[in-house]
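Q: Chains as they are written, first to last, in the working numbering: chain A, 1 to 295; chain B, 1 to 315.
Worth flagging that the hints you see were computed from the coordinates, not collected in a lab. Here a beta-carbon is modelled for each residue, glycine too, at the ideal position from N, C-alpha and C. Careful, some of the hints might be misleading.
[Stated by the list, open to error] In silico lysine to any residue, SDA-like type, Cα no more than 25 Å apart, as pairs:
1) B/309 - A/146
2) A/232 - B/221
3) B/20 - A/231
4) B/271 - A/233
5) B/270 - A/146
6) B/271 - A/146
7) B/279 - A/146
8) B/20 - A/122
9) B/279 - A/122
10) B/271 - A/228
11) B/270 - A/122
12) A/232 - B/20
[Said to hold, decoys possible] Example chain A residues on the side facing chain B (calculated, C-beta under 8 Å, incomplete):
13) 23
14) 36
15) 47
16) 65
17) 66
18) 92
19) 103
20) 128
21) 150
22) 210
23) 227
24) 229
25) 233
Residue-level listing of the chains:
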Amino acid sequence: MRIQLPLIIFVASIPILGQIDLSGSWAGTNAEDTLLLADYTGIPYNEAGRARGLSYSQSQLSMPERVCMFYTQTQLFGGPFGLIISKETEPASGKTIAWKIGGWEDRAPMTIWMDGRPQASQNAPHERSGFTTGHWDGKKLVTYTTHMKAGYIRRNGAPHSDQATLTMHFLVHDNLLTLAASLEDPVYLTEPLSWTRTFRRSRNPVAQLEGPCLEGDEGVPEGVVPHYLPGKNPFADEMNKVYHIPLEASLGGAETMYPDFRKKIKDKYVRPEKCSRNCGGSGGPGGGPGGPPPQ
Amino acid sequence: MLLFAFAASAQENSGLEVIKLRPSFYVITGAGANIGVQIGSDGVVLVDAGAADASDQVVAAVRRLTNQPIRYIINTNADADHVGGNAKVAKAGKSFFDIGNGPRGDLAKAMTNGGAASILASDSVLRRMSAPVGKDSAFPADAWPTEAFYQARKTLYLNHEGIEILNQPAAHSASDSFVYFRGSDVVMAGDVLDTTRFPLIDLAKGGSIQGEIDALNHLIQIAIPSAPLVNQEGGTYVVSGHGRICDQADVVEYRDMVVIVRDVIQDMIKKGMSLQQIKAASPARPYEPQYGSTSGAWTTDAYIEAVYKSLLQPK
Numbered sequence: 001m002r003i004q005l006p007l008i009i010f011v012a013s014i015p016i017l018g019q020i021d022l023s024g025s026w027a028g029t030n031a032e033d034t035l036l037l038a039d040y041t042g043i044p045y046n047e048a049g050r051a052r053g054l055s056y057s058q059s060q061l062s063m064p065e066r067v068c069m070f071y072t073q074t075q076l077f078g079g080p081f082g083l084i085i086s087k088e089t090e091p092a093s094g095k096t097i098a099w100k101i102g103g104w105e106d107r108a109p110m111t112i113w114m115d116g117r118p119q120a121s122q123n124a125p126h127e128r129s130g131f132t133t134g135h136w137d138g139k140k141l142v143t144y145t146t147h148m149k150a151g152y153i154r155r156n157g158a159p160h161s162d163q164a165t166l167t168m169h170f171l172v173h174d175n176l177l178t179l180a181a182s183l184e185d186p187v188y189l190t191e192p193l194s195w196t197r198t199f200r201r202s203r204n205p206v207a208q209l210e211g212p213c214l215e216g217d218e219g220v221p222e223g224v225v226p227h228y229l230p231g232k233n234p235f236a237d238e239m240n241k242v243y244h245i246p247l248e249a250s251l252g253g254a255e256t257m258y259p260d261f262r263k264k265i266k267d268k269y270v271r272p273e274k275c276s277r278n279c280g281g282s283g284g285p286g287g288g289p290g291g292p293p294p295q
Numbered sequence: 001m002l003l004f005a006f007a008a009s010a011q012e013n014s015g016l017e018v019i020k021l022r023p024s025f026y027v028i029t030g031a032g033a034n035i036g037v038q039i040g041s042d043g044v045v046l047v048d049a050g051a052a053d054a055s056d057q058v059v060a061a062v063r064r065l066t067n068q069p070i071r072y073i074i075n076t077n078a079d080a081d082h083v084g085g086n087a088k089v090a091k092a093g094k095s096f097f098d099i100g101n102g103p104r105g106d107l108a109k110a111m112t113n114g115g116a117a118s119i120l121a122s123d124s125v126l127r128r129m130s131a132p133v134g135k136d137s138a139f140p141a142d143a144w145p146t147e148a149f150y151q152a153r154k155t156l157y158l159n160h161e162g163i164e165i166l167n168q169p170a171a172h173s174a175s176d177s178f179v180y181f182r183g184s185d186v187v188m189a190g191d192v193l194d195t196t197r198f199p200l201i202d203l204a205k206g207g208s209i210q211g212e213i214d215a216l217n218h219l220i221q222i223a224i225p226s227a228p229l230v231n232q233e234g235g236t237y238v239v240s241g242h243g244r245i246c247d248q249a250d251v252v253e254y255r256d257m258v259v260i261v262r263d264v265i266q267d268m269i270k271k272g273m274s275l276q277q278i279k280a281a282s283p284a285r286p287y288e289p290q291y292g293s294t295s296g297a298w299t300t301d302a303y304i305e306a307v308y309k310s311l312l313q314p315k
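Go ahead and model the full structure; you've got the sequences and the hints to work with.
A: This is the structure in structure tokens:
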């Protein structure tokens with residue numbers, strides 16, 4: 001033991017090759033929250049996904065059964081909040097067996113299992129957290145999430161199914177963490193949907209926002225399901241009204257993800273004289289309401 | 001919760017999968033309908049027995065979980081994939097009731113399938129499985145319920161927990177029941193909830209779209225989600241007749257789907273569209289990739305037709 005102890009200390013002090021300590025607080029530097037209804041721009045929806053989105057009424061948020069349901073892990077990319085990442089280690093070896101991403105008030109925490117466990121049974125329950133495994137690919141942590149609940153890609157009711165899977169790449173450059181993700185959904189998407197979001201390491205702890213939720217009476221009786229019948233969604237052309245974006249772009253589809261699509265619709269797009277909603281920033285060029293529209 | 005359920009799941013050589021949901025509650029999948037297994041010092045309570053040809057594997061799977069005798073099989077409906085295994089699985093068990101000897105024993109033998117596990121189901125299940133004297137029945141007599149009940153709610157107290165059997169009239173069929181294990185906090189939902197397809201509404205056997213929606217609403221009321229601590233991921237487990245393990249949120253998604261498709265078809269009927277026109281308009285389009293089918297016993301068209309006809313039935 002007298003001989004072994006210094007050796008153990010020496011070995012423990014060597015960083016594990018290729019791995020990076022993700023622990024700590026990471027403040028969000030950008031977010032892509034979209035609240036304009038029927039904005040599916042850049043989402044590779046099939047007919048069913050589009051139809052499902054257009055049937056969505058925001059009054060569903062007031063259904064007593066849904067008041068406390070919140071969002072799936074896709075909200076990592078839509079929500080504005082930062083990340084708190086911690087690790088769970090095996091006491092004897094000190095080996096990291098899981099990374100944990102703390103939850104937000106509207107998103108459940110995520111555990112990334114690093115212990116090589118197999119994928120969960122297809123009959124196992126689905127959860128807001130999903131079931132996530134991970135491995136290091138050089139200095140990049142690659143994770144794979146299955147068993148999510150049915151949920152939303154955007155907070156405007158753009159749906160994903162409970163068959164959706166999320167692959168994420170955690171890339172650290174100095175004090176920046178970039179999450180590059182790909183959502184695949186055999187039910188609603190014809191191609192994977194990609195996101196990136198960047199976080200900055202924060203010396204101040206990012207607020208932990210895993211608050212409780214109590215349902216209240218928000219005006220929708222139990223058992224009632226607010227929705228729009230086909231062709232009756234009054235917000236279907238909202239993107240056209242507000243930004244003059246043609247319907248063929250705002251209703252999504254794989255084509256709308258690619259730069260060439262801009263060429264296709266350029267003659268159908270007439271820039272509005274001024275931006276009236278969600279203009280970004282608070283005034284100035286490209287800023288708040290009344291400012292020039294985004295380019 | 002998922003970790004727990006997953007870690008305790010085991011794929012059997014027979015192709016069945018056994019998933020541990022609670023310390024004394026398991027689900028067997030792959031034997032026809034999903035089978036619930038409650039285990040305790042009183043013995044084993046099964047919810048449904050699976051298909052006839054999977055009986056040996058089901059008994060073997062239960063034996064690997066416990067040496068306790070199977071005491072009860074509770075059927076959630078009268079379909080062959082739920083009751084087909086009744087006879088063989090019951091005979092692998094043992095009734096609570098002493099069959100004794102002599103004339104009284106003969107009566108008891110008749111009432112308990114000769115001392116086999118009791119089979120409990122609503123009267124409508126018995127009526128569908130049996131037939132009047134002299135006529136052929138859908139299932140052999142030793143598969144019939146030995147204890148049929150007429151009430152909307154029947155209760156048992158076994159293995160230190162209350163068990164409610166809640167009849168759901170005119171849903172998937174006229175013979176549906178939920179079986180709610182109050183201590184384990186697990187509801188066996190039968191075919192009212194089928195995550196593999198649109199709900200099979202069997203009009204010929206007394207099913208109806210409104211009964212299906214009412215039953216799903218009842219299921220949502222029984223199941224309790226994890227609130228106010230929503231990030232704990234707990235709550236009541238709801239076991240579908242076919243498909244994966246669910247909770248209240250999943251039932252809400254499924255109920256919403258059924259309501260929305262019903263509303264769309266109702267609107268098309270109001271507009272005077274024919275069944276053919278309605279089918280051509282794809283009223284279930286948002287849900288077809290997940291629940292629809294163009295082949296097999298329960299196609300999207302068959303579902304649309306069942307909803308259409310059910311809506312036109314006199315109230």
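Q: Against this structure, judge whether each hint is valid.
A: Results of checking the hints against the structure:
About 38 Å separates the Cα atoms of residue 309 of chain B and residue 146 of chain A, which puts this hinted pair outside 25 Å; it is violated. For a cut-off of 25 Å, the pair hint linking residue 232 of chain A to residue 221 of chain B is broken: about 31 Å separates their Cα positions. Proximity of residue 20 of chain B to residue 231 of chain A is assessed by CA-CA distance (about 45 Å); at most 25 Å being required, the pair is judged violated. As the CA atoms of residue 271 of chain B and residue 233 of chain A are separated by approximately 18 Å, the hinted pair is consistent with the 25 Å bound.
Note on residue 270 of chain B and residue 146 of chain A: the hinted pairing is violated, with a Cα-Cα distance of about 41 Å set against a maximum of 25 Å. The hinted pair formed by residue 271 of chain B and residue 146 of chain A fails the criterion: a straight-line CA distance of about 42 Å is larger than 25 Å. Using a Cα cut-off of 25 Å, the hinted pair residue 279 of chain B and residue 146 of chain A is violated, with the two alpha carbons roughly 34 Å apart. Simply put, residue 20 of chain B and residue 122 of chain A have alpha-carbon atoms about 14 Å apart, close enough for the 25 Å limit, and the pair holds.
For the proposed pair residue 279 of chain B and residue 122 of chain A, the alpha carbon gap of about 31 Å is over 25 Å, so the pair is violated. Taking the CA atoms of residue 271 of chain B and residue 228 of chain A, the gap is near 16 Å; set against the 25 Å cutoff, the hint holds. At most 25 Å may separate the alpha-carbon atoms for a hinted pair to count; residue 270 of chain B and residue 122 of chain A exceed this at roughly 40 Å. Of the pairs offered as hints, the one joining residue 232 of chain A and residue 20 of chain B is violated, with about 45 Å between alpha carbons and a cut-off of 25 Å exceeded.
Because the closest C-beta pair between residue 23 of chain A and chain B is about 20 Å apart, greater than 8 Å, the hint is violated. With its C-beta approaching chain B no nearer than about 20 Å, residue 36 of chain A sits outside the 8 Å limit, and its interface hint is violated. Contact between residue 47 of chain A and chain B, as hinted, is supported at the beta carbon level, the nearest pair being about 6 Å apart and thus within 8 Å. The beta carbon of residue 65 of chain A is positioned within 8 Å of a beta carbon in chain B (closest approach about 5 Å), and the interface hint is therefore held.
Given the 8 Å rule on beta carbons, the hint for residue 66 of chain A holds: about 7 Å separates it from the nearest Cβ of chain B. A distance limit of 8 Å between C-beta atoms decides the matter here; for residue 92 of chain A the minimum to chain B is near 20 Å, and the interface restraint is violated. At about 5 Å, the closest approach between the beta carbon of residue 103 of chain A and any beta carbon in chain B falls short of 8 Å, and the interface hint on this residue holds. Hint status for residue 128 of chain A: holds, given a least beta-carbon distance of 7 Å to chain B, under 8 Å.
With its C-beta approaching chain B no nearer than about 5 Å, residue 150 of chain A sits inside the 8 Å limit, and its interface hint holds. Interface hint at residue 210 of chain A: satisfied, since its Cβ lies 5 Å from the closest Cβ of chain B, which is below the 8 Å cut-off. Contact between residue 227 of chain A and chain B, as hinted, is supported at the beta carbon level, the nearest pair being about 5 Å apart and thus within 8 Å. Below 8 Å, beta-carbon pairs count as interface contacts, and residue 229 of chain A has one with chain B at about 5 Å; its hint therefore holds.
Because the smallest distance between the Cβ of residue 233 of chain A and any Cβ of chain B comes to about 12 Å, over 8 Å, the interface hint for this residue is violated.
Checked against the numbered hints above, the structure breaks hints 1, 2, 3, 5, 6, 7, 9, 11, 12, 13, 14, 18 and 25 and satisfies the rest.
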